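Listed below are the residues making up each chain.
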Amino acid sequence: MNDAITVRNLKKEFKAYSSRSGLKGAFRDLLTRNYKIVPAVNNISFQVKQGEMVGYIGENGAGKSTTIKMLTGILTPTTGEVIVNGMNPHKDREKFVSTIGVVFGQRSQLWWDIAVQESFRLLKKVYKVSDEQYDSHMAHVIRTLDIEPLLDKPVRKLSLGQRMRCELAAALIHNPPLLFLDEPTIGLDVLVKLKIREFLKEINEKYNTTILLTTHDLSDIEALCERVVMLDEGKIIYDGALKSLKEKWGEGKEIEFQFLEDVTLNDLNRITASSEVKWEKDEKEAIFTAFAEDNDELISLLIAKVVADLKVKDINIKETSTEEIIRNIYDRGIS
Amino acid sequence: MDKYIEMIRIRFLMMLAYRTNYYTGILIYSINIGAYYFLWSAIYGEKDAIEGMSVIQMSTYVAVAWMARAFYFNNIDREMAAEIKEGKVAVELIRPYNYLGMKTMQGLGEGIFRLFFFSVPGMVIVSFIFPLQFSADWTTWIFFAVSIILSFFINTQINLLTGITTFFLFNNTGLIRAKRVVIDLFSGLLIPISFFPLWAQDVLKFLPFQGISYVPSMIFTNSFSNNEAIQAIIMQGIWVLILIIPIQVLWIIAKKQLIIQGG
Chain H
4 MNDAITVRNL
14 KKEFKAYSSR
24 SGLKGAFRDL
34 LTRNYKIVPA
44 VNNISFQVKQ
54 GEMVGYIGEN
64 GAGKSTTIKM
74 LTGILTPTTG
84 EVIVNGMNPH
94 KDREKFVSTI
104 GVVFGQRSQL
114 WWDIAVQESF
124 RLLKKVYKVS
134 DEQYDSHMAH
144 VIRTLDIEPL
154 LDKPVRKLSL
164 GQRMRCELAA
174 ALIHNPPLLF
184 LDEPTIGLDV
194 LVKLKIREFL
204 KEINEKYNTT
214 ILLTTHDLSD
224 IEALCERVVM
234 LDEGKIIYDG
244 ALKSLKEKWG
254 EGKEIEFQFL
264 EDVTLNDLNR
274 ITASSEVKWE
284 KDEKEAIFTA
294 FAEDNDELIS
304 LLIAKVVADL
314 KVKDINIKET
324 STEEIIRNIY
334 DRGIS
Chain B
554 MDKYIEMIRI
564 RFLMMLAYRT
574 NYYTGILIYS
584 INIGAYYFLW
594 SAIYGEKDAI
604 EGMSVIQMST
614 YVAVAWMARA
624 FYFNNIDREM
634 AAEIKEGKVA
644 VELIRPYNYL
654 GMKTMQGLGE
664 GIFRLFFFSV
674 PGMVIVSFIF
684 PLQFSADWTT
694 WIFFAVSIIL
704 SFFINTQINL
714 LTGITTFFLF
724 NNTGLIRAKR
734 VVIDLFSGLL
744 IPISFFPLWA
754 QDVLKFLPFQ
764 GISYVPSMIF
774 TNSFSNNEAI
784 QAIIMQGIWV
794 LILIIPIQVL
804 WIIAKKQLII
814 QGG
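Taken in order, these protein sequences are the chains called H and B. This note's numbering puts the first residue of the first sequence at 4, with every later residue one more than the last. This note's numbering puts the first residue of the second sequence at 554, with every later residue one more than the last.
Quick caveat, the hints were computed from the structure, so don't treat them as lab data. What you are looking at is a predicted structure, and each value in this text was computed from that prediction instead of being measured. Watch out, some of these pointers could steer you wrong.
Said to hold, decoys possible - Listed below are several chain B residues computed to face chain H (Cβ distance under 8 Å; list not exhaustive):
| id | residue |
| --- | --- |
| 1 | Glu559 |
| 2 | Ile563 |
| 3 | Arg648 |
| 4 | Tyr650 |
| 5 | Lys758 |
To be verified - In silico SDA-like pairs for lysine to any residue, Cα to Cα no more than 20 Å straight-line:
| id | chain 1 | residue 1 | chain 2 | residue 2 |
| --- | --- | --- | --- | --- |
| 6 | B | Lys641 | H | Glu186 |
| 7 | H | Lys308 | H | Trp282 |
| 8 | B | Lys556 | H | Thr102 |
| 9 | H | Lys246 | H | Arg230 |
| 10 | B | Lys556 | H | Asn178 |
| 11 | B | Lys556 | H | Ile117 |
| 12 | B | Lys638 | H | Thr79 |
| 13 | H | Lys14 | H | Glu236 |
| 14 | H | Lys94 | B | Trp804 |
| 15 | B | Lys556 | H | Ser133 |
| 16 | B | Lys758 | B | Ile744 |
Claimed, not checked - Covered by chain H, according to a simulated footprint, are these stretches of chain B (three or more residues, beta-carbon under 8 Å):
| id | segment |
| --- | --- |
| 17 | 564-574 |
| 18 | 631-643 |
C-beta atoms are modelled at their ideal positions from N, C-alpha and C, and glycine is treated no differently.
One chain only, chain H, in its complex shape (with noise of 0.2 Å):
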């Protein structure tokens, strides 16, 4: 048993109460008031390895959040079963929390008006780490991070880059073997994402840190994570590696093409007619686009029987994009 996440038919039901019409009707809502239980989390089972970071994706409101919020033992659930670092994280709350870090991108754990190593001392005495510990430890986060010179500066005047930065640092002072991660580049520029992301990948691989992340931007998870877990409407639906989920539903590749001389859709499909092709044009620029099964020896054999027969100025092959391919499983359901 080295899981270090295991959940079973978790469920969480939300109480949503619903004001009613008009003035009699608030009077009504005085005395009693209509509400509808609302599952948030339905009936979801998965499991996470030591060391594995997985990407937790799904639509706002989903319900990733309040699954975050039962694994760190913030909610109670109504039914199922948490055992995270092997505890129930609402019954042994004190001692199952210092096991793990958490950063809220959307709120700051950092005390606003204090300097930021201010916040650090307190959260070293919070977790007790030992003098040496931290100072091994940290120095190292420090630097990676690049927070320095931040560190005698109040919270408040930081940028949100700087802050989230500090955040991060604040979620591993006690060098958490489990880190839960809620939207931590929302907001951020380039150069800061990717300098999260680098270090994410550090300490991954650094401490075997088990890392489960949830974002709106598919490429940190791109970046980080082998695995996804896709939430909709409280239910799993899907949880896998994610190049698999590109190979069941990417749609093949698109081929852009732009030629010297003037070509015609049926020049092309008299060129192409003895594979399984598609052709279309973009009428404003010339560019004629192959939609082709995702093979690579298909794909050559296209690309060398256009480039036999004309002349060819610019070639692009695109694959569809992960963001694509969700907002596919968005729209369309996993059907």
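Starting from the structure of chain H, add chain B where the hints point.
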């Protein structure tokens, strides 16, 4: 324990970060003490004593009651309400400490700051302006010290209770305000309890409020005999213990049905 002491220190730093608040606080308290001093001198007029208290005892009572208030008073109920409303309580719950314990320590940090930078210098200044009477008896000072620490705890516990109700009411600004007025009135800050009608005094005996202001102020002005003082302090202690029960019960229920607002 280390972490709780560290929290007191952090709170100290936070108080220093907002110096303007501190200066306006001094001003407000001086105005209050002055106003009540003149009000009481007018009420006393030519009389030597009312309900067994002389004018000088009365002005000492007023001054010490306000200065003690600077120590025991805190806004942790409002802070808790804000944290719960904004969903920040989520961050507090992912830390390995007792949330309520930490809040109490923040209150204590604030109290200690005000005691040294506010109450003590304030008291010295006030004693130059108004005729006050300080006890020379060291037992009075010890009783007063114990009593004021207990009044801090009673007041903080009532604040915690009010704060926790935010989990159920979501918006309890009104309750917080009402609580503040009730405490100011029934704790004997505005009028000593012995000035209340007898039936009201009997009712107040069964409530924790007089342990907040009336007891330490009466001890300080030597209006209690040693025996009375000891009894009053024991009562304060009992209230501290009793109040733990509703706080723990509400806290457990609150955690179960906690909803984090705002994602």
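Hints, one by one, checked against the model:
1. Glu559: holds, 4 Å
2. Ile563: holds, 5 Å
3. Arg648: Hint on arginine 648/B: holds, closest Cβ of chain H at ~6 Å, below 8 Å.
4. Tyr650: Nearest chain H Cβ about 6 Å off; hint holds.
5. Lys758: Violated - the Cβ of lysine 758/B stays beyond 8 Å from chain H, reaching only about 36 Å at its closest.
6. Lys641/B - Glu186/H: Holds: lysine 641/B and glutamate 186/H sit about 16 Å apart, inside 20 Å.
7. Lys308/H - Trp282/H: Given pair lysine 308/H, tryptophan 282/H holds - Cα atoms ~14 Å apart, limit 20 Å.
8. Lys556/B - Thr102/H: holds, 17 Å
9. Lys246/H - Arg230/H: OK: lysine 246/H and arginine 230/H at ~8 Å, within 20 Å.
10. Lys556/B - Asn178/H: The given pair, whose Cα atoms are some 18 Å apart, holds under the 20 Å limit.
11. Lys556/B - Ile117/H: The hint holds at about 17 Å.
12. Lys638/B - Thr79/H: holds, 19 Å
13. Lys14/H - Glu236/H: holds, 12 Å
14. Lys94/H - Trp804/B: At roughly 14 Å apart (the allowed maximum being 20 Å), tryptophan 804/B and lysine 94/H satisfy the hint.
15. Lys556/B - Ser133/H: holds, 13 Å
16. Lys758/B - Ile744/B: Given pair lysine 758/B, isoleucine 744/B holds - Cα atoms ~15 Å apart, limit 20 Å.
17. 564-574: holds (count 4)
18. 631-643: holds (count 3)
Hint 5 from the earlier list is the only one contradicted by this structure; the remaining hints agree with it.
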